[in-house]
Every structure is written in structure tokens, then in C-alpha cells.
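S.K.: Sequence:
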Amino acid sequence: MIKFSIPIPWMQLKDQRRPYFKWLSNNRVFLRHTSFDADSLVLLGYLQGMHPDAARLDDLTRELKERMQLPENIDFQATPRNLSALDSQVTKTKFGFKAIAIETDSKMAGAFKGGFFRP
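Mind the numbering: the sequence shown is residues 1 to 119 in my numbering, read in order.
Rather than coming from a laboratory, the hints here were simulated on the basis of the structure.
Honestly, I wouldn't trust all of these hints.
Said to hold, decoys possible - Ranges between beta-carbon positions, derived for each pair: (1) R28 <-> K107: 33 to 41 angstroms; (2) P9 <-> G96: 14 to 22 angstroms; (3) N73 <-> T93: 40 to 48 angstroms; (4) Q69 <-> P19: 22 to 30 angstroms; (5) L60 <-> S40: 16 to 24 angstroms; (6) D58 <-> L31: 19 to 27 angstroms; (7) N26 <-> D53: 35 to 43 angstroms; (8) L31 <-> L57: 18 to 26 angstroms; (9) P19 <-> L44: 21 to 29 angstroms.
Claimed, not checked - Using 25 angstroms as the maximum straight-line C-alpha spacing, the simulated SDA-like pairs for lysine to any residue come out as follows: (10) K94 <-> H51; (11) K92 <-> K22; (12) K98 <-> E63; (13) K98 <-> P80; (14) K98 <-> R28; (15) K94 <-> P80; (16) K65 <-> D87; (17) K107 <-> R62; (18) K14 <-> L31; (19) K65 <-> D75; (20) K22 <-> I8; (21) K22 <-> L44; (22) K92 <-> N82; (23) K92 <-> L43; (24) K98 <-> D59; (25) K65 <-> K94; (26) K98 <-> R17; (27) K65 <-> I102; (28) K98 <-> P7; (29) K94 <-> D59; (30) K107 <-> H51; (31) K65 <-> V42; (32) K22 <-> P9; (33) K65 <-> Q77; (34) K98 <-> G49; (35) K65 <-> A55; (36) K98 <-> L47; (37) K94 <-> L47; (38) K98 <-> E72; (39) K98 <-> Q48; (40) K65 <-> Q48.
Note that the coordinates shown come from a computational prediction; the quantities given were computed from them, not determined experimentally.
Ideal placement from N, C-alpha and C gives every residue a C-beta, glycine not left out.
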């Protein structure tokens, strides 16, 4: 199973006239739409200096969990995302960049953030 996120709406992705959907159906790749409540997902931070498209996310997730000494019941996901940051307080301009976002459920956010600040 492969998980990926895209900015294209589901209706456009499943349009049978689009080349992407034709390629998927010709290669017998099937999609399932998985959604979640947006308020339950918390962006904890992002990893800078790693190319999001070249990173091995499974290895990255395992190593980060080991280094932070997180308990087994604390879970998170590392996903490549397009993020934006405020460039100027005066003009309110933002610049976009691609990074690996570290996200978790809102119930686990406190325990995960505690892992960053261990002595």
C-alpha cells in the first residue's frame, strides 16, 4: 500500500478522461479515498535540509521515533508537503517551499512535543 497526498480534488483525480486516471486503470492501480477531520491533525514541525521527494519516509519515521525515545503508543506521520511561511510582517507576503512535515493526531501532540525538549 502506498499513501500520498495531492492538491487535486478527488473528483478531478477520478475523471476517466484524464491521462493520470487512464494510466492508473491501465496498470491496474486502484485508489481509495481516505479522509480525516482536519482539526484532528496537528503539524508539529518540518524537517529542513532533506529533499522531500528523495527521502525514505519509513526509515525516517523509525529513526526519529528511536532518537526521540517515544513510547510505542505515540504515532506520527512524515509526509512531503508544500508549506508556506510569512516573509514580511509589513507586506504580509508568503513564500512557499516543499518540506517533510511531521504530523500527528491532536491527542498525541503534547506527548510528541515533550520528546523534543528532553534533557
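S.K.: Now, for every hint given, state plainly whether the structure supports it.
M.R.: Against the structure, the hints:
no.: 1; hint: R28 <-> K107: 33 to 41 angstroms; result: 37 angstroms, holds
no.: 2; hint: P9 <-> G96: 14 to 22 angstroms; result: 20 angstroms, holds
no.: 3; hint: N73 <-> T93: 40 to 48 angstroms; result: 41 angstroms, holds
no.: 4; hint: Q69 <-> P19: 22 to 30 angstroms; result: 46 angstroms, violated
no.: 5; hint: L60 <-> S40: 16 to 24 angstroms; result: 23 angstroms, holds
no.: 6; hint: D58 <-> L31: 19 to 27 angstroms; result: 21 angstroms, holds
no.: 7; hint: N26 <-> D53: 35 to 43 angstroms; result: 24 angstroms, violated
no.: 8; hint: L31 <-> L57: 18 to 26 angstroms; result: 19 angstroms, holds
no.: 9; hint: P19 <-> L44: 21 to 29 angstroms; result: 36 angstroms, violated
no.: 10; hint: K94 <-> H51; result: 21 angstroms, holds
no.: 11; hint: K92 <-> K22; result: 41 angstroms, violated
no.: 12; hint: K98 <-> E63; result: 21 angstroms, holds
no.: 13; hint: K98 <-> P80; result: 7 angstroms, holds
no.: 14; hint: K98 <-> R28; result: 30 angstroms, violated
no.: 15; hint: K94 <-> P80; result: 19 angstroms, holds
no.: 16; hint: K65 <-> D87; result: 32 angstroms, violated
no.: 17; hint: K107 <-> R62; result: 20 angstroms, holds
no.: 18; hint: K14 <-> L31; result: 9 angstroms, holds
no.: 19; hint: K65 <-> D75; result: 9 angstroms, holds
no.: 20; hint: K22 <-> I8; result: 16 angstroms, holds
no.: 21; hint: K22 <-> L44; result: 37 angstroms, violated
no.: 22; hint: K92 <-> N82; result: 18 angstroms, holds
no.: 23; hint: K92 <-> L43; result: 21 angstroms, holds
no.: 24; hint: K98 <-> D59; result: 19 angstroms, holds
no.: 25; hint: K65 <-> K94; result: 31 angstroms, violated
no.: 26; hint: K98 <-> R17; result: 29 angstroms, violated
no.: 27; hint: K65 <-> I102; result: 11 angstroms, holds
no.: 28; hint: K98 <-> P7; result: 13 angstroms, holds
no.: 29; hint: K94 <-> D59; result: 31 angstroms, violated
no.: 30; hint: K107 <-> H51; result: 29 angstroms, violated
no.: 31; hint: K65 <-> V42; result: 17 angstroms, holds
no.: 32; hint: K22 <-> P9; result: 17 angstroms, holds
no.: 33; hint: K65 <-> Q77; result: 10 angstroms, holds
no.: 34; hint: K98 <-> G49; result: 10 angstroms, holds
no.: 35; hint: K65 <-> A55; result: 16 angstroms, holds
no.: 36; hint: K98 <-> L47; result: 10 angstroms, holds
no.: 37; hint: K94 <-> L47; result: 19 angstroms, holds
no.: 38; hint: K98 <-> E72; result: 29 angstroms, violated
no.: 39; hint: K98 <-> Q48; result: 9 angstroms, holds
no.: 40; hint: K65 <-> Q48; result: 17 angstroms, holds
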